[in-house]
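Can you build the whole structure from these sequences, using the hints too?
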Amino acid sequence: MQNNFTSTGQYIASEELMMSVNIAMALEKPLLIKGEPGTGKTMLAKAVSEALGKKLIVWNIKSTTKAQEGLYTYDTIQRLYDSQFGNEGVDNIANYIKLGKLGEAFESEEQVVLLIDEIDKADLEFPNDLLWELDQMEFYIYETKRTVKAVKRPIVIITSNAEKELPDAFLRRCIFHYIDFPDRELMEEIVKTHIPDIEENLLKNAMDTFYEIRTYSQLRKKPATSELIDWLNALIIAGVDPEKIKRELPFVGVLIKKDEDLEVLRKRVD
Amino acid sequence: MFTTFYYTLKAKGLDVSLTEWLALMNALNRNLNNSSLTGFYYTARAILVKSETDFDKFDMAFEECFKGIKTENQITDTMLRWLDKSEEMQRIFDEEKFWLNQQEELQIDRDDVEQKFKDRLKDQDSEHNGGSYWIGTMGKTSFGNMGGNVGGVRVGGKTGYQSAFSVVGARKYRDFRDDRMLDNRQFQLAFRKLRQFSSKLDIPKTELDIPGTIDSTCKNGGYLRIEMEKPRKNAVKLLLLMDSGGTMIPFSSLLNELFQAIHKSNHYKDVKTYYFHNCIYSKLYKTPECENGDWIDTEWMFKNLDSDYKVIIVGDAAMAPEELYSDTGNYRGPNGGLSGEQWLLLLKQHYKKIVWLNPKMAPGHAPWREAETRVKEIFPMYKLTIDGLNEAMVKLMAR
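So the protein lines, in turn, are chains R and G.
Note that the first sequence covers residues 425 to 694 in the numbering used here.
Note that the second sequence covers residues 59 to 457 in the numbering used here.
If you are wondering where the hints come from, they were derived from the structure by calculation, not from laboratory data.
A couple of the hints might just be wrong.
20 Å max Cα-Cα, derived EDC-like pairs, lysine to aspartate or glutamate [what the hints assert, rightly or not]:
(1) G:295 - G:273
(2) R:691 - G:347
(3) R:616 - R:439
(4) R:490 - R:541
(5) G:291 - R:672
(6) R:490 - G:265
(7) R:576 - R:632
(8) R:569 - R:534
(9) G:411 - G:366
(10) R:522 - R:567
(11) G:322 - R:549
(12) G:344 - R:533
(13) G:70 - R:632
(14) R:479 - R:534
(15) R:478 - R:553
(16) G:288 - R:499
(17) G:68 - R:592
(18) G:322 - R:632
(19) G:251 - R:547
(20) G:406 - G:366
(21) R:645 - R:534
(22) G:322 - R:547
(23) G:251 - R:549
(24) R:490 - R:534
(25) G:291 - R:549
(26) R:573 - R:559
(27) R:569 - R:609
(28) R:525 - R:506
(29) R:569 - R:499
(30) G:263 - R:499
(31) G:115 - R:592
(32) G:322 - R:559
(33) G:344 - R:683
(34) R:616 - R:632
(35) R:522 - G:328
(36) G:327 - R:541
(37) G:322 - R:499
(38) R:645 - R:632
(39) R:490 - R:528
(40) R:573 - R:553
Quick look at the structure:
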C-alpha cells in the first residue's frame, strides 16, 4: 500500500502541503488546514483518501453540532416508547446507541481518512471537548460501559475558515498547514485538471482578469479557485469571445457574489 | 544546537510547548524532512506554528538561527548533510537573480540582488497597505485581505520547493502578523458572561420535559405520555454604540475584533449596532463611516429598542467641553436642541444597564480630561482590556 501522499489527477498539491500531510500521518496527529475559502481545503481530504486508497468519512460541522454527536447518541425517547409495548431488544441499551462519525471511523477495520469539516462553525468549546478522543483515539460509552477504541488510527484532517479562534490546547496537538492562494502557474495547472481542453487564449485572458480583480483591496470576498473554475466553465459554455473578457467582464456574478463587491468592481472598471 | 532555535523562537514571541518540540524531534529522528534544510523549515513550521499570523515570527527566528550558522562556519556534519542540496539552492538562486534582473526598476547591481529583492518587498508592502493597514488586523480572514500582494512577488512563480531562505527572506507572512493585546477568543469568552437563560422565547419544543412526562404519564394510568419543552435560550439583547470619530482610528483594529467577537457570539437574542461621532446626539449612524443621512433618530431607538437592551458604548470620550455641554456642540450634524450631556443622560434614563468601554481611559482621576471625567460620572467606564471587559460584563449582568 502506498504510504505517502502525492498530488492526484484531480488535486494539485504544493510540495509543502504534501509534506505537511505526510508529517501528520507519520506523527499520527490531526492535520489542521486553514486558508481562504475556495482554496480546496475540503477537497484535500478527498484527494488524500483517493491517493492512499482509503475510505473517507466526512463529519460536517454546523453551528449546532455537539462533540458528543460525533461519538455516539443514545436514543432515550425511542427506548422509552418501545418499553411501553415490550418490544424486542428493549432491555438491551446497545440497541439504542448509534455511533457518530468519529465512532464510525474508530470502529472501521480498515484505516480511514476522517474529515472534520469547518470545525470553527461549532461552539467555542467544541474542539476542547474532542481533545481526549483525538489524542487517545478512544471514547467510553457510559450507558453500556464499553470503550470504543480505534482499530486502525484514522488519518484526521480538520478544516477551519478561521471564523472562530481555536483553543491553544487543541492547536498544540495538531499539525498546522495554511494553504496559500495558488500563484498563476499552479493555478493554471489546477484549472487544467478540471478543464483539460481549455483554450489557451481564453485561459490567459480570464486569468489576467481574475488576478487583476484579486488585487482590489476593497473587496470583501475575493474570488478564489472554485469561483474561477465556475467562471471559466460559464465562459466556455456561452462561447464568449476571449478578447471581450477583460473589457466586458461577462458573468462576473459567478466570480463576485456580494453586492458591495460588485459595486467596487463597477467603480474600478469605469 | 537546536536548543538555541527553541529559545530564539520563544524570544520572538512564539509560545512553543515542550510536547510540540518533542514532536519535532521525533519527526527529525525519522527524517521526515528528507535531510534538507528546506524540509526542516516546513516540518518545523507545520509542527510548531499554529496560526498564519505567527509565520512571520517563525521566519525571523529561523533566519536568525540558521543564517548565522551558514556564514559563521559552524557547520556540523548534520548541517552539512542538510545543505547538501546546494545545487538545488544555487539553481533557485540563479533563477531568482535572473528574474529580478528582468525587472527594469531593479537593473542596478547584479551582486546585490538579494538585498534589492528584500527592499523591493519592503516597498511593495508599504505601498499596498498604507499606514493604518499595518495596525489593522485586516489580515484576519474574516475580511479576506489575505496579504496576497506580498505573495505576488513569489519568486519566479515556482510551484515546487523554494529554498528555505528565499521563503524566509520574502517574509511573505508579514501581513498576517498580529501583535494584539486582546485576541478574538478572549473577547468571545468575555461575552459569554452575558447570558440570561429563559424558556419564554418563541421557539419549538425540542427537549424532553422529564417532570412533565412523569406527571402526565401518572395521570394517564401509567401509560407513557411524553411532554416536551422549549430549550432554555439566552434572552440577552445587546445594543452596541461605537464611537467612529477621528481619535478612535488608532484603535480600529481593536474595535474590529470587538465587533467581530460580538457578532460571532451568535447566542444573543438580538444585537443592534449604531455608530456615533465623539458624542451621542439626536442621530445615530448606521455605518462606521457616519455619513449624514444614513442614520436613525436617537428618539426612534428609544421607542423601538426597549429598556431591556443591555447597552455597551465604546468610545474614548475625548472631546472638547463644548461638544459635551453646548446645545450647538455637534459640529458634524444636528444637536436636536439638547447638548451631548443631556442626550447621554436621556440614554441613561431609558436603559437599565449601560457600560462604557474606553480603549485609552486615563488612569484614576484625570481632571485635565474634562469630558471624560464627566462621562465617567454618568456611566460606569472600563478600560478596553480583558480585565476591564470582564468587569463590564459583570456590571451588565448584575441585578
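Hint-by-hint comparison with the structure:
1. G:295 - G:273: Distance ~34 Å between residue 295 of chain G and residue 273 of chain G Cα, so the pair is violated.
2. R:691 - G:347: Status holds; Cα separation ~19 Å.
3. R:616 - R:439: holds, 18 Å
4. R:490 - R:541: holds, 14 Å
5. G:291 - R:672: Since the Cα atoms of residue 291 of chain G and residue 672 of chain R sit roughly 50 Å apart, the hinted pair is violated (cutoff 20 Å).
6. R:490 - G:265: Within the cut-off at roughly 15 Å; holds.
7. R:576 - R:632: The hint is violated at about 47 Å.
8. R:569 - R:534: Roughly 24 Å separates the two Cα atoms, so the pair is violated.
9. G:411 - G:366: holds, 8 Å
10. R:522 - R:567: holds, 12 Å
11. G:322 - R:549: This hinted pair holds, its Cα atoms lying about 14 Å apart.
12. G:344 - R:533: The given pair, whose Cα atoms are some 57 Å apart, is violated under the 20 Å limit.
13. G:70 - R:632: Since the Cα atoms of residue 70 of chain G and residue 632 of chain R sit roughly 39 Å apart, the hinted pair is violated (cutoff 20 Å).
14. R:479 - R:534: Roughly 8 Å separates the two Cα atoms, so the pair holds.
15. R:478 - R:553: This hinted pair is violated, its Cα atoms lying about 27 Å apart.
16. G:288 - R:499: The given pair, whose Cα atoms are some 19 Å apart, holds under the 20 Å limit.
17. G:68 - R:592: Holds. Residue 68 of chain G to residue 592 of chain R sits at ~16 Å (cutoff 20 Å).
18. G:322 - R:632: Violated, at about 36 Å.
19. G:251 - R:547: holds, 15 Å
20. G:406 - G:366: holds, 12 Å
21. R:645 - R:534: violated, 40 Å
22. G:322 - R:547: holds, 10 Å
23. G:251 - R:549: holds, 14 Å
24. R:490 - R:534: violated, 26 Å
25. G:291 - R:549: Between residue 291 of chain G and residue 549 of chain R the Cα gap is close to 17 Å, so the pair holds against 20 Å.
26. R:573 - R:559: holds, 11 Å
27. R:569 - R:609: Between residue 569 of chain R and residue 609 of chain R the Cα gap is close to 55 Å, so the pair fails against 20 Å, i.e. violated.
28. R:525 - R:506: Since the Cα atoms of residue 525 of chain R and residue 506 of chain R sit roughly 26 Å apart, the hinted pair is violated (cutoff 20 Å).
29. R:569 - R:499: holds, 16 Å
30. G:263 - R:499: Since the Cα atoms of residue 263 of chain G and residue 499 of chain R sit roughly 17 Å apart, the hinted pair holds (cutoff 20 Å).
31. G:115 - R:592: At roughly 17 Å apart (the allowed maximum being 20 Å), residue 592 of chain R and residue 115 of chain G satisfy the hint.
32. G:322 - R:559: Roughly 28 Å separates the two Cα atoms, so the pair is violated.
33. G:344 - R:683: holds, 18 Å
34. R:616 - R:632: This hinted pair holds, its Cα atoms lying about 16 Å apart.
35. R:522 - G:328: Status violated; Cα separation ~36 Å.
36. G:327 - R:541: violated, 27 Å
37. G:322 - R:499: Distance of about 31 Å is beyond 20 Å: violated.
38. R:645 - R:632: Since the Cα atoms of residue 645 of chain R and residue 632 of chain R sit roughly 18 Å apart, the hinted pair holds (cutoff 20 Å).
39. R:490 - R:528: Cα-Cα ~16 Å, so holds.
40. R:573 - R:553: At roughly 17 Å apart (the allowed maximum being 20 Å), residue 553 of chain R and residue 573 of chain R satisfy the hint.
Of the numbered hints given earlier, the model fails hints 1, 5, 7, 8, 12, 13, 15, 18, 21, 24, 27, 28, 32, 35, 36, 37; all others are met.
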